[in-house]
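Enquirer: Given chain A, put chains B, C and D in place with the hints provided.
Number of protein chains: 4
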Amino acid sequence: MSEIKIIIAGPRGRMGSEAVKLVTTTEQFKLVAVLDHKYGGMMLSDVAGFQTISNVPIYTNIENCLQEVEADVLIDLTTPEVGMYHAKAALEHNVRPVVGTTGFTKENLAELERLSYEKELGCIIAPNFAIGAVLMMKFSQLAAKYFYDVEIIEMHHDQKLDAPSGTAVKTAELISDVRETKKQGHPNEKETIDGARGADYDGMHIHSVRLPGLIAHQQVLFGSDGQTLTIRHDSYNRASFMSGVKVAVETVMKQNNFVYGLENILD
Amino acid sequence: MSEIKIIIAGPRGRMGSEAVKLVTTTEQFKLVAVLDHKYGGMMLSDVAGFQTISNVPIYTNIENCLQEVEADVLIDLTTPEVGMYHAKAALEHNVRPVVGTTGFTKENLAELERLSYEKELGCIIAPNFAIGAVLMMKFSQLAAKYFYDVEIIEMHHDQKLDAPSGTAVKTAELISDVRETKKQGHPNEKETIDGARGADYDGMHIHSVRLPGLIAHQQVLFGSDGQTLTIRHDSYNRASFMSGVKVAVETVMKQNNFVYGLENILD
Amino acid sequence: MSEIKIIIAGPRGRMGSEAVKLVTTTEQFKLVAVLDHKYGGMMLSDVAGFQTISNVPIYTNIENCLQEVEADVLIDLTTPEVGMYHAKAALEHNVRPVVGTTGFTKENLAELERLSYEKELGCIIAPNFAIGAVLMMKFSQLAAKYFYDVEIIEMHHDQKLDAPSGTAVKTAELISDVRETKKQGHPNEKETIDGARGADYDGMHIHSVRLPGLIAHQQVLFGSDGQTLTIRHDSYNRASFMSGVKVAVETVMKQNNFVYGLENILD
Amino acid sequence: MSEIKIIIAGPRGRMGSEAVKLVTTTEQFKLVAVLDHKYGGMMLSDVAGFQTISNVPIYTNIENCLQEVEADVLIDLTTPEVGMYHAKAALEHNVRPVVGTTGFTKENLAELERLSYEKELGCIIAPNFAIGAVLMMKFSQLAAKYFYDVEIIEMHHDQKLDAPSGTAVKTAELISDVRETKKQGHPNEKETIDGARGADYDGMHIHSVRLPGLIAHQQVLFGSDGQTLTIRHDSYNRASFMSGVKVAVETVMKQNNFVYGLENILD
Chain A
1 MSEIKIIIAG
11 PRGRMGSEAV
21 KLVTTTEQFK
31 LVAVLDHKYG
41 GMMLSDVAGF
51 QTISNVPIYT
61 NIENCLQEVE
71 ADVLIDLTTP
81 EVGMYHAKAA
91 LEHNVRPVVG
101 TTGFTKENLA
111 ELERLSYEKE
121 LGCIIAPNFA
131 IGAVLMMKFS
141 QLAAKYFYDV
151 EIIEMHHDQK
161 LDAPSGTAVK
171 TAELISDVRE
181 TKKQGHPNEK
191 ETIDGARGAD
201 YDGMHIHSVR
211 LPGLIAHQQV
221 LFGSDGQTLT
231 IRHDSYNRAS
241 FMSGVKVAVE
251 TVMKQNNFVY
261 GLENILD
Chain B
1 MSEIKIIIAG
11 PRGRMGSEAV
21 KLVTTTEQFK
31 LVAVLDHKYG
41 GMMLSDVAGF
51 QTISNVPIYT
61 NIENCLQEVE
71 ADVLIDLTTP
81 EVGMYHAKAA
91 LEHNVRPVVG
101 TTGFTKENLA
111 ELERLSYEKE
121 LGCIIAPNFA
131 IGAVLMMKFS
141 QLAAKYFYDV
151 EIIEMHHDQK
161 LDAPSGTAVK
171 TAELISDVRE
181 TKKQGHPNEK
191 ETIDGARGAD
201 YDGMHIHSVR
211 LPGLIAHQQV
221 LFGSDGQTLT
231 IRHDSYNRAS
241 FMSGVKVAVE
251 TVMKQNNFVY
261 GLENILD
Chain C
1 MSEIKIIIAG
11 PRGRMGSEAV
21 KLVTTTEQFK
31 LVAVLDHKYG
41 GMMLSDVAGF
51 QTISNVPIYT
61 NIENCLQEVE
71 ADVLIDLTTP
81 EVGMYHAKAA
91 LEHNVRPVVG
101 TTGFTKENLA
111 ELERLSYEKE
121 LGCIIAPNFA
131 IGAVLMMKFS
141 QLAAKYFYDV
151 EIIEMHHDQK
161 LDAPSGTAVK
171 TAELISDVRE
181 TKKQGHPNEK
191 ETIDGARGAD
201 YDGMHIHSVR
211 LPGLIAHQQV
221 LFGSDGQTLT
231 IRHDSYNRAS
241 FMSGVKVAVE
251 TVMKQNNFVY
261 GLENILD
Chain D
1 MSEIKIIIAG
11 PRGRMGSEAV
21 KLVTTTEQFK
31 LVAVLDHKYG
41 GMMLSDVAGF
51 QTISNVPIYT
61 NIENCLQEVE
71 ADVLIDLTTP
81 EVGMYHAKAA
91 LEHNVRPVVG
101 TTGFTKENLA
111 ELERLSYEKE
121 LGCIIAPNFA
131 IGAVLMMKFS
141 QLAAKYFYDV
151 EIIEMHHDQK
161 LDAPSGTAVK
171 TAELISDVRE
181 TKKQGHPNEK
191 ETIDGARGAD
201 YDGMHIHSVR
211 LPGLIAHQQV
221 LFGSDGQTLT
231 IRHDSYNRAS
241 FMSGVKVAVE
251 TVMKQNNFVY
261 GLENILD
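Line by line, the protein sequences give chains A, B, C and D. Each residue of the first sequence is one higher than the last, beginning at 1 in the UniProt record's numbering. Each residue of the second sequence is one higher than the last, beginning at 1 in the UniProt record's numbering. Each residue of the third sequence is one higher than the last, beginning at 1 in the UniProt record's numbering. Each residue of the fourth sequence is one higher than the last, beginning at 1 in the UniProt record's numbering.
Pulled out of the complex, with its shape left as it was, chain A reads as follows:
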């Protein structure tokens, strides 16, 4: 594979700074520019934390950037609004977008899909780049075809506000798509303390553990006569997203169509 020339939007964010590290340390990748709302006209090496990265200009405006810099892929790790604007501009300049955002509307997705189709260019939108989490969900959906009973235990640090986690609900949705609704547990089971059996999602039970020390963990447990199958993902830090970004960049160069969700490029 020849070198892939990459622009990163949002290089100073938590995901973005990991992406800069990924691109500048991967042999086949080359960082050719970054997009930032600050520091336009400066070099990335002028910014604290990036002193060792040479020859990467900073742009505040994507049109200017795409006119002046030759690139293959745009990695966008900004906000849904900015990401949408960037992705459209990229496709119009024949640059393939890899966008990590959870907030795109159905209209946004439809518009990008149409543009990707017209330009015959790959475009990948991924709400979750943690390859392990995506595989966990994919495997859970596969397993649910043979194991009709499943419970999800997700475990996070105790600063998390919402329970269950988004990943747990997404996992339950994916399982729900492939199985008939089943009310699990004994028909006459009884909670002697409310909530013991967890949250009910379409007959499945989801349990949310919150403890200091924990980071982000989930296990999906399947049971049938005489056996259990467990699929578990442990995420320890943000570096976990980068293998997913790498696969997405490699794939977006090979495919000429629109993809939503990392699970659809992992085969």
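For the record, the hints were derived by calculation from the structure and aren't laboratory data. Quick caveat: nothing in here was measured; it's all calculated off a predicted structure.
Identical chains blur together in the list; that is why a pair holds if it fits in one copy or across any two.
Here are the simulated DSSO-like pairs of lysine-lysine, each with C-alpha atoms no more than 30 angstroms apart in a straight line:
id	residue 1	residue 2
1	246	38
2	183	30
3	170	160
4	190	106
5	183	246
6	182	254
7	88	254
8	145	170
9	30	182
Expert: Using the frame of chain A, we list chains B, C and D on its own:
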């Protein structure tokens, strides 16, 4: 240690038949009689399932049994009512009782304690003989002095009716005894599906998983800054109770006092 | 789906007796005969352990059985030699074989494949019917395309003689098929006690735990920057094989080709 | 409890900076000075990373420090040589040492014990401040009295050079101290690939897993008939040491004797 002569009450029950196996295969133990409400006057080897066990008479009446047979210990695995009657009769005949039952009242326990004290004879009443489960509870109580945040996940087959399990509640009680009440999790945490955060016991959260295939499992998770400590017990079958019965028999011969709960003889 | 008429060979074996239970309790399945080297001419209800199962004749000779009884599927849980003979006879009488055996030679498999092709009849040979174990291996192979570092921990009761287990080696083989050989761990890592890093299979490490109490468990751990993915199977008893037999019977009726390995019918 | 006045030696190290954070954020603790081989005469707030911490002078010489500053406890997180010198000086000035170092000789320990005894002052030397790891070892030793079969699985990132880890070996030692040597596994067990059964330490087996993504994890598995008991510690970052330092400071104020090892103050 010289040979310990043992009577078993309830030899045909699920626990009882395991106890017969334990006593007849342990070198220092000798089965001298069994108590059963059926088959009085027959030999144990006449009963289906026990054909290979020779020279063990069956009694239906404990008084007759204790008058005719010389014994050191009575292992009682019957019901609370029968167990109480048997334990008293045993102490009066200078035989030390080891009783596995969950249903004794406070008055029962007080009466046996008084009798044990008067006769200066060991007497052990244990609601749970699974040594691993008892150690899990004991360690959890010890850990709770240093880790103020704890969640319990208990997992059982889906034929179980009650949630949480008795062991989970007992574990929470033991932890509660040694820590100040603490409302765990983020003060503003929110369940987007009811029950996600499990049952609340004095600020701790208990989660009950039910799946076919599972048998009886519990994990107690402790968290603090940057670390977690997990204590887990898996019970696969009834044989798990027998190491506890063995320890209890050995201990009841050495101690001349009343003990309630296996945790109090494991040091 | 209309009723599937089934013959079981080897009904008194450990797997076979579970299969009898499965077939007689599954609504769409009907047990029409059994093959046994004993009790020919009797009814299955005459045999200890099967008293409640009515109207199932016992045959010692498969030719007689297939001539007298109308059947759709033969489930064979005997030995490789008998299984081979039975499978051929079944195909020749237009009955679809589902055979659970680990000992078939390549020649056996080729012969059955040819016969299945000629008769245009489904035929499934599966060395392992535990659906959870098969999915664990399948998912491991899929995950290995994205996670280049993997270790396998298999855990069994301490009566097991060989280490590593067959399933662990099979899992490593399947992973090896899809990844470039990688010597894992630090290049300069050092064992201060021999064997600490486990068995080396093509750069992967396999660890075999043996403890009383354990039954049959395996976890496959994948790691990459900041995350781990774990796939675990726990097998508690022989009933765990039956969901695989059920899927195989349903599939063999729908497909008209030869299949070796349950993994090839789980999609 | 009244306020405890604390000096920290080694404030800029990885452990030391966590200790500064602990002491300055714990209500009953007060940081009164730090010892550093640099920056003598400056204030801690002049040093990068500590700008918000006011009124803490830096000393390079412990004698000067102890003469000018009134203190109750010295937390030393330097090297064995410096730590030894500091601990002696502290005791002589009636300041109680809490020292975290793994390198003290037997002579060092004996000398500090004598000095602590003469001055009737608490002194705690702890090679490992991770309370969870210390409890795991303590519980393992307790469990080994009732479970005679145990295997240890330790799991670390793949940059670790030695296998097994120090904590795993220490755990095996502690278990060895309380049980008769037992050669575990089946007497005729056979490794079909060398190393599968792990490292042998006095009959116990230790398995070392190395994967990118992992941090520092250990589980101790005990098995007996029909049950397993697992004690697991996960350490995610250096903050995990601080709860141990906190307990040590509180204890050293209450006890007037010498203690080696955190396990001896956790009851």
